[in-house]
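Novice: Numbered according to the numbering used here, the first sequence spans residues 1 to 560.
These aren't lab readings, by the way, just hints derived from the structure by calculation. One or more hints might be untrue.
Said to hold, decoys possible - Here are the computed distance ranges between Cβ atoms for each label pair:
id, residue 1, residue 2, range
1, GLU113, GLU485, 50 to 58 Å
2, GLU281, ALA156, 21 to 29 Å
3, ARG58, GLU167, 47 to 55 Å
4, ASP429, LYS275, 26 to 34 Å
5, ASP492, ASN60, 47 to 55 Å
6, ARG58, ARG321, 21 to 29 Å
7, VAL520, GLU497, 30 to 38 Å
8, TYR212, GLU382, 53 to 61 Å
Please read these numbers as outputs of a predicted model, since none were measured by experiment. Note that CB positions come from ideal geometry on N, CA and C, so glycine has one too.
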Amino acid sequence: MMIEEKKSLNFIEQIIEEDLANGLPKEKLRFRFPPEPNGYLHIGHAASICLNFGLGLRYNAPVNLRFDDTNPTKEEQEYVDAIKHDIDWLGFKWDKELYSSDYFQQLFDWTIELIKEGKAYVDNQSSAEMAQQKGTPTEPGTDSPNRNRSVEENLALFMKMKNGEFEEGSHVLRAKIDMKHTNMHMRDPIMYRILKKRHHRTGNDWCIYPMYDWTHGESDYLEQISHSICTLEFKSHRDLYDWYLDQVVESDKLRPKQREFARRNLSYTVMSKRKLLQLVEEGFVNGWDDPRMPTISGLRRRGYTPASIKTFSETAGISKRDNVTDVALLEHCIKDDLNKTAPRVMAVMNPVKLIITNYPEGKEEWLTAENNQEDENAGYREVPFSREIYIEQEDFREEANKKFFRLKLGSEVRLKNAYIIKAESCLKDENGEVTEIYCTYDDDSLSGSGTEASKRKVKGTLHWVSVKHAEKAEVRVYDRLFTDEAPDGQKDKDFKEFINPDSLTIVDAFVEPSLKTAKVLDRFQFQRLGYFCVDTDATPDKLVFNRTVPLRDSWAKMGE
RNA sequence: UGACCCAUGGUGUAAUGGUAGCACUCCGGUUUUUGGUAUCGUCAGUCAAGGUUCGAGUCCUUGUGGGUCAACCA
């Protein structure tokens, strides 16, 4: 029997369903993702991307990619390119690539009308004076002495602003709304400021640039976006969004609707562009795509898949309350994906040499190994075996209780894909560290050979790499970037105080030779260790792996 | 001494006046040539007090707690 489980709608979808039920034609549904090209996208943006593009898919509606580029002092083409790459990598297709700067002329024309209607005025006070008059959230503001200039004077001054006749910062254009409004954003907000900066798209065409509020809603309107979805910190901008829309909306056109949801926070990291930029600029990480960063590019380099990020966003859901999502959920999503898709290989990170004394010297065998038992199409590969192999130091103990079912003196263990061996003795250095382990093997116990010996139940199975055939590789092991769950949640402490000094450990490892041909961003499971991917620093001569995420380790959890 | 938003297990989310469910985490069992995976199970929740109602996580009131808002940023 099929159990039809209907997925519950999130509150945004509910709003849309309601609008549809109230007569909004389905064909009018249209969404947008509006990044400012002043930084890299992070996992929080992924929530918005997955939401907006997910709605597009769900309702078969177009989704525009619109760069909100009204501030030429911060925005750059580099960021535009990176953002496009990230969205594309996630697998989403935008309908049109657009820029708020495409609308500068229309915005200007509308502004002239507003001035003529007496709804906007030029103010030439200092920013300090204006801030003073603005009041506080608990106290009303007072009117600017320039609030009642004549239309003619405003028009003339605004044209001078536009023509570059005034210095930066000397004049602004303000909407004339209400200096006593309880919403600070309604206290005669600035519509235009003078910025004598070259814009990455419009060059030197303009020296006045519109502010976010006066741009965003009108851009939505011009694109006929039905639902303009943003994060909660814009909630109080909604009054202004609507006020501006009131000035331009024509009754036969769709009026966009702004709705807000809570930003997605992740435990043990920070999610503001400002703070991420700080980590980059102050050298706490090696760039926006450092694998420890919660950026899309960092996660990509770390080995995360688009599917895992989308599953994460979907599973975490959306709502309107503050949240700190456990990074364990993100890690679960990537492990779940990679478990099904990543080829298994063997690598030894902390090697100790093991010699099989009864295995003929000089002999080598190429043994068949299953690439992925979770994927029957993954096939098989050959791995070389010989008399001397590396195993992990922590897989051997001279003596141990019966909970330790790895290798110990006098007992047996299976070498993955190979033979059953028994530890006979070991050699130690002056510090008591084991330097060599001597074993014997059962030559009738080869994995998959079907012999009685091969079917023997042996509790432990170890991964290994043949010494003679081992490839060296640099492995970068990452831990969380911060030691606190919510590093920017502390009132009187800077988030940088919680930076984990051990977030990166570099290990020289030995890997099986099949990895020699691995390409950048190829993902693998190093058996019993975790998921790893080839870092962008790798070259044909030097293998470099990033540890994406370790495997669940219930042995370590026992704490013995 | 303002306005607005929010409050469900440790975490993230469902339940649209009618059995508080799902996922992650944690813990335990089974299986296993990865101490992985899979699988079974345990623990654990409606901020508080009133009110409306046959019935309230849901509606109302009042508290309490958290958040947002005063860039020529978005």
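Novice: For each hint, tell me whether it holds in the structure or not.
Specialist: Verification of the hints:
no.	hint	result
1	GLU113 <-> GLU485: 50 to 58 Å	holds (51 Å)
2	GLU281 <-> ALA156: 21 to 29 Å	violated (43 Å)
3	ARG58 <-> GLU167: 47 to 55 Å	holds (50 Å)
4	ASP429 <-> LYS275: 26 to 34 Å	violated (46 Å)
5	ASP492 <-> ASN60: 47 to 55 Å	holds (50 Å)
6	ARG58 <-> ARG321: 21 to 29 Å	holds (23 Å)
7	VAL520 <-> GLU497: 30 to 38 Å	holds (35 Å)
8	TYR212 <-> GLU382: 53 to 61 Å	holds (60 Å)
The structure does not agree with the numbered hints 2 and 4 stated previously, though it agrees with the rest.
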